[in-house]
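K.L.:
Residues per chain are reported as follows:
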Amino acid sequence: MRERTMSTNYQLKRADFIFKNENDWEEVLSKSISRPPQELINELISSELKGRGGAGFPTGLKWKVSSEVKSDVKYVICNADEGEPGTFKDREILSMVPFKVLTAIAICGYVIGAKEGFIYLRGEYNFLKPELLKAINEFEYYCKEIKLDFSIKIFMGSGAYICGEETALFESMEGKRGEPRNKPPYPTLSGYMGKPTVINNVETLAHTYTIFKYGSKRFYDLGVQYSRGSKLFSVSGDTPKPGIYELELGMSLSDFVEEFGDDDTKAVQVGGASGFLVPRKRFSETNIGFQGKLVGISLPTGGSMMLFNSSRSMYNVLDNYLNFFAEESCGQCTPCRVGCQQLLKGIKAVKRGEKNAQYLDKMLKLAETMQVTAKCGLGQSVGNSFSSIVENFREEMIY
Amino acid sequence: MGKNLKITINGATVEVEKGASILEAARQAGVIIPTLCYHKDLCVSGNCRVCVVELAGQKRLSPACATPCEEGMEVLTNSLKVRNSRKHIIELLLSEHNADCTSCYKNGKCELQSLASEYKIMNQDFINLIPYHNYTIDMFSPSIIKDDSKCIRCQRCVRTCAELQGVNALTMSYKGEHAKITTFFEKAMNDVVCTNCGQCINHCPTGALVEKNYIEEVWNAIADKTKHVVVQTAPAVRVGLGEELGFDPGERVTGKMVTALKRLGFDAVMDTDFTADLTIMEEGTELLTRLKKAIVDKDPNIKLPMATSCSPGWIKFIEHMYPEYLGNLSTCKSPQQMFGALVKTYYAKARNLDPANIISVSIMPCTAKKFEANRPEMHDSGYRDVDFVLTTRELAIMIKQAGIDFLKLEDSHYDRLMGESTGAGVIFGATGGVMEAALRTAYELVTGREVPFENLNINPVRGIEGIREATIKIENTLKEWSFLEGVELKCAIAHGLANAKIVMDEVKSGKANYHFIEFMACPGGCLGGGGQPLPTSPEIRARRAKAIYAEDAGMPLRKSHLNPEVVKIYKDFLVAPCGEMSHKLLHTKYTPRKRR
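Protein sequence lines correspond, in order, to chains A and B. Read in our numbering, the first sequence has 1477 at position 91, and its numbers run on one by one without any break. Read in our numbering, the second sequence has 826 at position 138, and its numbers run on one by one without any break.
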């Protein structure tokens, strides 16, 4: 097959894997655990699946590293603390196809040598718990039947955004305050309870189900170089058709806006509050996928796509994001705790004329410092939305 | 120790042990990387980000304190990117810090202030965040003042209270912009499980946690001609005070300190070491009495092991955490409180003074002593036994205020009656010291011979390990102590309340079968107390300990029972150890407290 590359000629391609064909989970599970772990890892590696939570770490590599660590106890954790503003796909996966996720957790356990799996469920998703528990019951019953020693528990989050950060999530599960840890060590070596842990996003696990069921080629054939496979997108904002869509990676943002926009799209926030704002003039050069060596800008995303039309004030949008971050920072490290407050109070001061427009440049520098010095992904990514909004809509910040 | 990693720091190759952090490697190579949340006594947190460095090939900077060295790593500690980021971070910290430096108690001693000065933060134009927060100053504790507006959330106090002390009085709460250090349910500091040990003060880089000072009150008392102001100095003060006044850590300044106190205008300068010796007489007698009642009389009401009671931080700790073990505490007051009770009775009578006109001041390495002096039961003289407690740091401030050139002072001696001491009293200042002093006297009392250690140095009880054990076999006893013949006296020593907790849990579980345990709230004992000069570190404490033992070794008398003034007070006033008068003035009772 000819290599497809990212280009503006590439058309939006829908895919339909995630929400389909859950009924054969027993077969997928029993067949998978009859294969050698190494084979499953290779399958994942050749699929080139990357984490769907937003960071895009190669999933196969994560499993491989954890499988090679020697430890009596290991864990698999499904990160369902879906807190990124504008993201609502994991909720849908867990309510529509929970068995896919449970199966993937168990297969991961088999591959790395873990006997326990957890689903860290966002506090606000408490309503999913009863159905999920029923599914777990049925699932564990089947595991016993096929003599697979594996159990899955649900751990309820309490509503802090930061607990979606993997090491803060471990702290939270251990009963401590949800604060990110220093890395290294990474979770694959020392995660929950200091044990080797694979932690994957809900959607990532659901994709591994597809890969184990159909083989890696089926997945690899979707998308483009460096950004293989399909991905769920949570489409919201000024769009006539908000909702969840499974699309192949690598699409150009102009194609996306063509499909989902309201003919007046001024900008798209890719990747939620911690992502980037792309203004209209950059739609055609922006692709949705992981950074590669190809032309144009590639934006990775956890799947949140927020469209804004000309009725929106980008100042208000940024103010809203910064309020969110100032509140949801864990408050541990200086650049994030104080930086968020400075950015928030700073744009207000500029808007009110208490600081002159050049103060925006000082804040852009501060945002850079936050990107390179903050302890975790939260503080590091506040600068993404701040800089992309201030740079592209500077006049809206001032007047 | 195998050195097995090579990295470069600013181009120069450094060989380090595997597992060393970049910060440790840099210090080894003589490269200074500024830190704030890092403290040698505590676990690494990596939250302030002041120590960020650049690693070749990486876009993001790394915290030097929390990043382990890897072979071939190329570290830049002073690149433009590092400098700019570091400056930004200091500016950010200043923007949330109530920088009223000139009126701050920590002025000149603040780590944030010195960083700001080093990096010349001249035109700080970030928005001042102080008005956006509703800060209050907690002044309710008699020992500690907590001012949240000066807090930079480095969590050194939180880690201190949890790791060193196992108390957890302070914790991080709320998140994001509201994140702050609070007590349980944000109650006042006097209303929570806090031992007043002051270790949080010793580890706070700014003025957010400071001792409640009584400097002005003492100046006023000195100036009042109708008052006779007596001062006592604790053992550990003499090996710490110098650090505040131009000496290196570990310098003994006993004689200069006495001169300085006399120049400040105190009417009498006497020594807590005297009551330390007295404590040994009382506590040693109490221990032997308990052993006799337990072994000979088989009295089931006798509580063993007996625990020391000199450290008021430890006392409040056990009152909160193990109230069912209060019967195991020696009933002896701490040397400070014994001194206080005697000043307004024995001393007043001997000097023909009205105790109502005596003001009793003590200089302590400790903030918990401020709370102790404030206890309602400490009025056995008929007056408040100790009126004001100053820390070593406060005394240094007074000496500076008085314009005394400390380095040039000649030595002088303590005043008579309660100023004489032995080496045994001095070593109360170091962990294991009370144990050693007690053994020197008790062993001799029972056997008629000196403890079987060279130069009376009982090395097994000395050291820095958090928990130490020693067993001393008692043989060839005098006739009246024959019931102790062959008994192996099992002793334990714990310093730092986290270690006290471990020992107490062992006692509780029945695993430990000690006879006598020395507990000190602070790491290193009193010499590492919450009122000692800043900074503190394991090295500084080790130097102070060395000085304490040197002081002991240089004393003509090394055993408490030989202190002539101790002999005299029993002859003239107290009659006998643990006698009626002792019980009235030198012993106390304890209060069970809740755990929250």
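No lab work stands behind these hints: they were computed from the structure. From a predicted model like this one, the values you see are computed outputs, not experimental measurements. Here a beta-carbon is modelled for each residue, glycine too, at the ideal position from N, C-alpha and C. Don't take every hint at face value.
[Said to hold, decoys possible] DEER-style ranges, computed between Cβ atoms:
{"no.": "1", "chain 1": "A", "residue 1": "K1530", "chain 2": "B", "residue 2": "E1012", "range": "31 to 41 Å"}
{"no.": "2", "chain 1": "B", "residue 1": "N692", "chain 2": "A", "residue 2": "D1535", "range": "19 to 29 Å"}
{"no.": "3", "chain 1": "A", "residue 1": "S1481", "chain 2": "B", "residue 2": "H866", "range": "48 to 58 Å"}
{"no.": "4", "chain 1": "A", "residue 1": "N1742", "chain 2": "B", "residue 2": "R1283", "range": "27 to 37 Å"}
{"no.": "5", "chain 1": "B", "residue 1": "K1234", "chain 2": "A", "residue 2": "Q1424", "range": "23 to 33 Å"}
{"no.": "6", "chain 1": "B", "residue 1": "E1012", "chain 2": "A", "residue 2": "K1539", "range": "35 to 45 Å"}
{"no.": "7", "chain 1": "B", "residue 1": "Y807", "chain 2": "A", "residue 2": "R1738", "range": "27 to 37 Å"}
{"no.": "8", "chain 1": "A", "residue 1": "K1562", "chain 2": "B", "residue 2": "N766", "range": "12 to 22 Å"}
{"no.": "9", "chain 1": "A", "residue 1": "L1575", "chain 2": "B", "residue 2": "E1065", "range": "51 to 61 Å"}
{"no.": "10", "chain 1": "B", "residue 1": "I903", "chain 2": "A", "residue 2": "K1562", "range": "51 to 61 Å"}
[Unchecked claim] Below, simulated DSS-like cross-link-like pairs (lysine-lysine); rule was C-alpha separation at most 25 Å, straight line:
{"no.": "11", "chain 1": "B", "residue 1": "K1256", "chain 2": "A", "residue 2": "K1748"}
{"no.": "12", "chain 1": "A", "residue 1": "K1741", "chain 2": "B", "residue 2": "K1259"}
{"no.": "13", "chain 1": "B", "residue 1": "K775", "chain 2": "A", "residue 2": "K1741"}
{"no.": "14", "chain 1": "B", "residue 1": "K769", "chain 2": "A", "residue 2": "K1751"}
{"no.": "15", "chain 1": "B", "residue 1": "K868", "chain 2": "A", "residue 2": "K1569"}
K.L.:
Would you mind marking each hint as holding or not holding in the structure?
P.N.:
Here is what the structure says about each hint:
1. Between A:K1530 and B:E1012 the C-beta distance comes to about 47 Å, which lies outside the given range of 31 to 41 Å.
2. At roughly 40 Å, the beta carbons of B:N692 and A:D1535 sit outside the given window of 19 to 29 Å.
3. At about 33 Å, the beta-carbon gap between A:S1481 and B:H866 misses the expected band of 48 to 58 Å.
4. The supplied range of 27 to 37 Å is broken by A:N1742 and B:R1283, whose beta-carbon atoms lie about 55 Å from each other.
5. The hint said 23 to 33 Å for the Cβ distance between B:K1234 and A:Q1424, and at roughly 59 Å that hint is violated.
6. The hinted window of 35 to 45 Å between B:E1012 and A:K1539 holds, with their beta carbons roughly 37 Å apart.
7. Between B:Y807 and A:R1738 the CB atoms are about 30 Å apart, so this pair conforms to the stated range of 27 to 37 Å.
8. Checked against the hint of 12 to 22 Å, the C-beta distance between A:K1562 and B:N766 comes to roughly 36 Å, which is inconsistent with it.
9. For A:L1575 paired with B:E1065, a C-beta distance near 55 Å keeps the hint of 51 to 61 Å intact.
10. The supplied range of 51 to 61 Å is broken by B:I903 and A:K1562, whose beta-carbon atoms lie about 40 Å from each other.
11. For the hint linking B:K1256 to A:K1748, the alpha-carbon distance of about 74 Å lies beyond 25 Å, and the restraint is violated.
12. Among the hinted pairs, A:K1741 with B:K1259 is inconsistent with the structure: their alpha-carbon atoms are about 79 Å apart, more than 25 Å.
13. A distance of roughly 21 Å separates the Cα atoms of B:K775 and A:K1741; the hinted pair therefore holds under the 25 Å criterion.
14. For the hint linking B:K769 to A:K1751, the alpha-carbon distance of about 11 Å falls within 25 Å, and the restraint holds.
15. Between B:K868 and A:K1569, the direct Cα distance comes to roughly 24 Å. Compliance with the 25 Å bound is thereby established for this hinted pair.
Going through the hint list in order, the structure does not satisfy hints 1, 2, 3, 4, 5, 8, 10, 11 and 12.
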